[in-house]
Amino acid sequence: MTLEAVKLAAEANQWGAIFPELLLACLALALLALEIVLPKKLHAYIPDVALAGLVGTLGGLLVNFHSASLGKESFNGLLLHSPGGQVMRVFFLLTAMLVCILARVSLAKQKVPRIEFYHLVLIITGAMMLLAQSNHFVMFFVALETVTIGFYILVAYFRTKTASLEAGLKYLVMGALSSGMLLFGIVLLYGVAGNPTLPGHSASAMHYPALAQFLVANPHNFLAGVGIVLVLVGVAFKIGAFPFQIWVPDVYQGAPTPVTAFLAVGSKAAGFAVLLVLTRDVFASYDWLVTPALTAMAAATILFGNIAALTQHNVKRLIGLSGVSHAGFLLLGVVALSGPVASVSATGAIYFYLFAYLIASFAVFGVMAHIAGVDDSEQTLDHYAGLAKENPFLATILAIGLGSLAGIPPLAGFMGKFFIFMAAFEGGARWTLVLAVVGVVISIYYYFGWIKAAFFEQWTPPADTADPRPARTPVNVVSGIALGCLALASIFIGFYQGPLGQWLTMK
Amino acid sequence: MTSATLDHYVLISALLFAIGFFGVLLRRNTLVVFMCLELMLLASTLALVAFSRFNGTMDGNVFVFFILTVAAAEVAVGLAIIVALFRKRQTIQLNELNSLKN
Chain A
121 MTLEAVKLAA EANQWGAIFP ELLLACLALA LLALEIVLPK KLHAYIPDVA LAGLVGTLGG
181 LLVNFHSASL GKESFNGLLL HSPGGQVMRV FFLLTAMLVC ILARVSLAKQ KVPRIEFYHL
241 VLIITGAMML LAQSNHFVMF FVALETVTIG FYILVAYFRT KTASLEAGLK YLVMGALSSG
301 MLLFGIVLLY GVAGNPTLPG HSASAMHYPA LAQFLVANPH NFLAGVGIVL VLVGVAFKIG
361 AFPFQIWVPD VYQGAPTPVT AFLAVGSKAA GFAVLLVLTR DVFASYDWLV TPALTAMAAA
421 TILFGNIAAL TQHNVKRLIG LSGVSHAGFL LLGVVALSGP VASVSATGAI YFYLFAYLIA
481 SFAVFGVMAH IAGVDDSEQT LDHYAGLAKE NPFLATILAI GLGSLAGIPP LAGFMGKFFI
541 FMAAFEGGAR WTLVLAVVGV VISIYYYFGW IKAAFFEQWT PPADTADPRP ARTPVNVVSG
601 IALGCLALAS IFIGFYQGPL GQWLTMK
Chain B
164 MTSATLDHYV LISALLFAIG FFGVLLRRNT LVVFMCLELM LLASTLALVA FSRFNGTMDG
224 NVFVFFILTV AAAEVAVGLA IIVALFRKRQ TIQLNELNSL KN
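Protein chains in written order, with my numbering: chain A, 121 to 627; chain B, 164 to 265.
With the rest of the complex left out, here is chain B (with noise of 0.2 Å):
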C-alpha cells in the first residue's frame, strides 16, 4: 500500500472542482448551486493544504483560514438573499426566477 502523493491530493481537488463548476452550470436549485459554489472553494482549499504540505511552505495554510472566512460571508449573504426571494416568489428554481427581461 503506497502512500497519498501530491498527484494523488491534486487530481482529487481538480475532480472536486470540476464537480462543483458544473454543477453550477447544470443544477437548477439554488441550494444545490450554492453547495456545488462551496465544493469548488473546497477544492482550492484541499489542494491548497496539499501544496503547502509537499512543497514544506506555510503561506498555503495561512491562505485556507481566509478562504473559509470568505466562503462563511458568502454563504451569510447568499442565504439571506435566498430567504428574501422565497418569500417574495415562493421559489428558488433558477429557471423560473426569469423576471429581469428586455
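Extracted from the complex, chain A is given alone in its bound form (with noise of 0.2 Å):
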C-alpha cells in the first residue's frame, strides 16, 4: 500500500462523526482513574460523574441530532451515519443513565466494587451506539461481541452470588454459541458474495452496500442463504426470540436488577437496530426467505412468551418472559417492513415501540430494585403484598409502567402496540396480527396478578419467625425524580405522540 492510499484511507476517518462514543469511552478510562487518584471518603460521588456525562453526552447528542455527517459513510465504509442510527444513539444513552440510577439503588445493597459496574455500562453503551450505525460486518461483529461480552461480565457481576455466576456461565455459553453461529453465517456470505464466477461479487464483501448488491445480482443462491439464516439466528439469540429465548428466564433472574434492566432494554434495542438494517437494507432481495422465517418466528415469540410468564412467580423471570412476548410484537414491525407490502410506516412504529417500553420497563425495574432486597434473585410476588399501603409512590409507578407494558389505554405502551399493529395491518400480516391480539389478552392476566399483589393482598407475617420478606428501601432523591419522570412520560406520551412520533417518523 503506497502512502498516498494509507492517506485516503485515513482521511475517510472522521473522528467527529463518532464523538458521543468516543466521549463515552473517554469517560469510562477516567472513572477508573478517578477511582485511584480521589480518596476513598469522595469514592461515593463517581457514579455522579458517569450520570453527568451521560447527561451532556446526550445534551451534545440533541442538539447536534442533524449533524453534518447523517446520511454519509465514515471510516472507509465502517460506519453509516442515519436517522435511525440517531434515533438508537439516544435511545442507548437514555438506558444508560437509567441504569446508572438503578445501579445507585441495587449495588449499595451489595459488598462488591462500584466503580467498574458504571465503566463497563458506559463501555457497552458506546459499543451499542457503533452497532446500531454500523455499515461493515467487521465493525457490526467487533461492536457486537463488545456489548456481549460486557454483559458477561455485568451478569456476574454480584461475584458472591451463586445465581449471578450461575447466570453469567449460562449467558456466556449461549451468548458465544449465538455469536459462533452468527460469525460463520457472516464468513459464509463472505465467502460467497466475494466468488469471482458469480455475477455482482465484490472485493469489500462485508460491506453492506455491496453484499446487498451481490445478494439482488444472485436471488436464489443456496450457501447465501444459509449465511443469512445463521446471521438471523445469532440476532435473534441477542433478542431472545422463541426459539432462541432458553436462557432468557435464568439469565434474567440471576443478574442484578439493574443488569436485568440492561439486557431487557438495551440488549434487545440493540438487537432489532441491527435486524432492522439487515433486513430492510441487505437481506431484502431474500425476502423469500427472511419473511416467512420471521413471521412464524414472531408468532411463536408472542404465543410462547405470553404463556410462559403465566406461570411465574419470580418476578424478574416473569418480566424476562413478558419481555420475550414484547420481542415478538417488536419482531411483528419487522415483519410488516420486510413483508410483499412493506408497510411504510413500521421503522417509525418500531422506534415508537422501543422508546415507550424504554420507559415502561425502567419505571418497573425502579420499583424492583428498591423492593429486592440482598438476595437479588430472589424476587417474588409476595414481596410486594401491601406496597400500595406501605409505600404508595412505588406501587403508583409499579402500576403505570405494568399498565403501559400491558398495553393499557391511553398508556405509551398502548400507542407502541397500536402503532406496530396498524404497520402489521398494512403489510399484510394477518394471521400473526390475530395471534398478537390473543397474546395481549393473555398478558393482561399477568401484569394484572402483579398490579393485584402491590394494591389488594394483605401480607401476614408468619407468626413464630421472623418477617421473611426484605426490607423496602427508601426511595432517594435521584431515583425517585427519574422515576416520577418515567410514570409521568408513560402518560403523557400515551395522550400526545405529536413531536415525539414526527420525530421517529422522520425520513
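Note that these hints are calculated values from the structure, not bench results.
A few of these clues could be false.
Quick list of in silico lysine-lysine cross-link-like pairs, DSS-like style, CA-CA up to 27 Å [what the hints assert, rightly or not]:
{"id": "1", "chain 1": "A", "residue 1": "K229", "chain 2": "A", "residue 2": "K161"}
{"id": "2", "chain 1": "A", "residue 1": "K192", "chain 2": "A", "residue 2": "K290"}
{"id": "3", "chain 1": "A", "residue 1": "K231", "chain 2": "A", "residue 2": "K127"}
{"id": "4", "chain 1": "B", "residue 1": "K251", "chain 2": "A", "residue 2": "K229"}
{"id": "5", "chain 1": "A", "residue 1": "K192", "chain 2": "A", "residue 2": "K127"}
{"id": "6", "chain 1": "A", "residue 1": "K160", "chain 2": "A", "residue 2": "K229"}
{"id": "7", "chain 1": "B", "residue 1": "K251", "chain 2": "A", "residue 2": "K231"}
{"id": "8", "chain 1": "B", "residue 1": "K251", "chain 2": "A", "residue 2": "K290"}
{"id": "9", "chain 1": "A", "residue 1": "K572", "chain 2": "A", "residue 2": "K509"}
Pairwise CB distance ranges, derived in the manner of DEER restraints [unchecked claim]:
{"id": "10", "chain 1": "A", "residue 1": "Q134", "chain 2": "B", "residue 2": "F228", "range": "18 to 26 Å"}
{"id": "11", "chain 1": "B", "residue 1": "H171", "chain 2": "A", "residue 2": "F342", "range": "14 to 22 Å"}
{"id": "12", "chain 1": "A", "residue 1": "P588", "chain 2": "B", "residue 2": "A243", "range": "30 to 38 Å"}
{"id": "13", "chain 1": "B", "residue 1": "L174", "chain 2": "A", "residue 2": "G493", "range": "50 to 58 Å"}
{"id": "14", "chain 1": "B", "residue 1": "R190", "chain 2": "A", "residue 2": "I427", "range": "26 to 34 Å"}
{"id": "15", "chain 1": "A", "residue 1": "A228", "chain 2": "B", "residue 2": "G219", "range": "54 to 62 Å"}
The C-beta atom is built at its ideal place from N, Cα and C for all residues, glycine as well.
Assembly of the complex is requested from the two constituent chains, each provided in isolation within its own frame, with the hints serving as guidance.
Right, dumping it as C-alpha cells:
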C-alpha cells in the first residue's frame, strides 16, 4: 500500500462523527482513573460523574441531532450515519442513564466493587451506539462482541452470589454459541459474495451495500441463504426470540436487577436496530426466505412469551418472559417492513415501541430495585403484598409501568402496540396480527396479577418466625425524580405523540 | 495427488463447526463446552482464510485478527466466571448448576 492510499484511508476516518462514543470511552477510562486518584471518602461521587457525563453526552447529541455527517459513510464504510442510528444513539444513552440510577440503588445492598460497574455500562453503551450505525460486518461483529462480553461480566457481577455466577455462565455459553453461528453466517456470506465466478461479486464483500448488491444479483444462492439464516439466528438469540429464548428466564433471574433492565431494554433494542438494518437494507432481496422465517418466529415468540409468563412467581423471570413477548411484537413490526407490501410506518412504529418499552420497563425495574433485598435473584410476587399501603409512590409507579407494558389505553405502551399493529395490518401480516391480539389479552392477566399483589393483597407475617421479606429500600431523591418522570412520560406520550411521533418517523 | 481446493477447506470448516456446535449442546463439562465454543470460532477462521485466499480479497485475513482478539477476551471472561463458580459450588458440571429455578 502506498503512502497516498494510507492518506486517503485516513481522511475517511471522521472522528468527529463518532464524538459521543469517543466521549463515553474517555469517560469510562476517567472513572477508573478517578478511583485511583481520589481519596476513598470521595468515591461515592464517582457514579455521579458517570451520570453527569451521560447527561452531557445526551444533551450534546440532541443539539447536534441533524449533524452534517448524516447519510454519509465514515471510516471507509465501516459506519453509516443515518437518522435511525441517531435515534438509537439517544435511546442507548437514555438507557445507560437509567441503568446508572438503578445501579446506585442496587449496588448499595451488595459488597462488590462499584466503579467498574459504571465503567462497563459506559463501554457497552458506546459499543451499542456503534453497533446501531455499523455498515460493515467487521464493525458489526466487533461492536456486538464488545456488548456481549461486557454483558457476561455484568451478569456475573454479584460474584459472591451463586445465582449471579450461574446466570453469567449460562449467558456466556449461549451468547458465545450464538456469536459462533453468527460469525459462521458472516463468513459464508463473505465467501459467496467474493466468489469471482458469480455475478455482482465484490472485493469488499462484508460492506453492507456491496453485499446487498450481490444478493440482488443472486436471489437464490444456497450458501448465501444458509449464511443469512445463521446471521438471523445469531441476532434472534440476542433479542430472545423463540426458539432461541431458552436462556432468558434463568439469566434475567440471576443477573443483578440493573443488569436485567439493561439486558431487557438495551441489548434487545440493539438487536432490533441491527435486525432492522439487515432485513430492510441488506437482505431485502431474500425476503422469500427472511419474511416467512421472521413471521413464524414473531407468532411463536408472542405466544410462548405470554403463556410461559403466566405461571411465573418470581418477578424477574416474569418480566423476562414478558420481555420475550415484547420482542415478538417488535418482530411483527420488522415483518411488516420486510413483507411483500412494505409498510411505510413500520420503522417509526418500531422506534416508538422501543421508547415506550424503555419508559415502562425502567419504571417497573426501578420499583423492583427498591423492593429487592440482599438476595437479588429471589424477588417474588409475595414481596409486593401490601405495597400500596406502605409506599403508595412506588405502587403507583409500578401500576403505571405495568399498565403501559400490558398496553392499557391511554398509556404509551398502548399507542406503541397500536402503531405496530397498524403497520402489520398495512404489511399484510393478518393472521399473525390475530395471534398478537390474543397475546395481548393473555398478557393482561399476569400483569394484573402483579398489580393485584401490590394493591389488593394483605401480607400476614408468619407468627413464629421473623418476616422473610426483605426490608423496603427508601426512595432517594434522584431515583424518585427519575421514576416520577418515567411514569409521567408513560402517561403523557400515551395522550400526545405529536413531536415524538414525527421525530421518530422522520425520513 | 491433487492439491486442496476451496471446497475441501469449506467442508473441513463446516465439519469443525458442526463438531463444536453439537459439543456445546451435548457435553456437560463446562471446560469441554468452552473448547467446543472455541472450535466454532476457529472453524469460521479457517473458512475465512480459505475464502480470502481463493477469492483474492484481503478483508478475510484482517477479520481473522479481530476474531482471535474477541475469542481471547471471551475466554478470559469465561474462565474467570468458571473459577469463581467452582470456588462457590465445587463443581463445573452444567447439569449440577441448577440453582436458578422457578
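Hints, one by one, checked against the model:
Between A/K229 and A/K161 the alpha-carbon distance is near 18 Å, which keeps this suggested pair within the 27 Å criterion. With a CA separation close to 39 Å, the supplied pair A/K192 and A/K290 exceeds the 27 Å bound. At most 27 Å may separate the alpha-carbon atoms for a hinted pair to count; A/K231 and A/K127 exceed this at roughly 51 Å. Pair hint B/K251 plus A/K229 holds up; C-alpha atoms about 20 Å apart against a cutoff of 27 Å.
A hinted pair counts as satisfied when its Cα atoms are at most 27 Å apart, and A/K192 with A/K127 qualifies at roughly 19 Å. Between A/K160 and A/K229 the alpha-carbon distance is near 19 Å, which keeps this suggested pair within the 27 Å criterion. Proximity of B/K251 to A/K231 is assessed by CA-CA distance (about 16 Å); at most 27 Å being required, the pair is judged to hold. Between B/K251 and A/K290, the direct Cα distance comes to roughly 16 Å. Compliance with the 27 Å bound is thereby established for this hinted pair.
For the proposed pair A/K572 and A/K509, the alpha carbon gap of about 13 Å is at most 27 Å, so the pair holds. At about 24 Å, the beta-carbon gap between A/Q134 and B/F228 stays in the expected band of 18 to 26 Å. Evaluation of the 14 to 22 Å hint for B/H171 and A/F342 yields a pass: the beta carbon distance comes to about 18 Å. Checked against the hint of 30 to 38 Å, the pair A/P588 and B/A243 passes, with Cβ atoms roughly 33 Å apart.
Judged by the Cβ atoms, the range 50 to 58 Å given for B/L174 and A/G493 holds: they are separated by roughly 55 Å. At about 31 Å, the CB distance of B/R190 to A/I427 agrees with the hint of 26 to 34 Å. Checked against the hint of 54 to 62 Å, the pair A/A228 and B/G219 passes, with Cβ atoms roughly 58 Å apart.
Of the numbered hints stated above, those contradicted by the structure are hints 2, 3, listed in ascending order.
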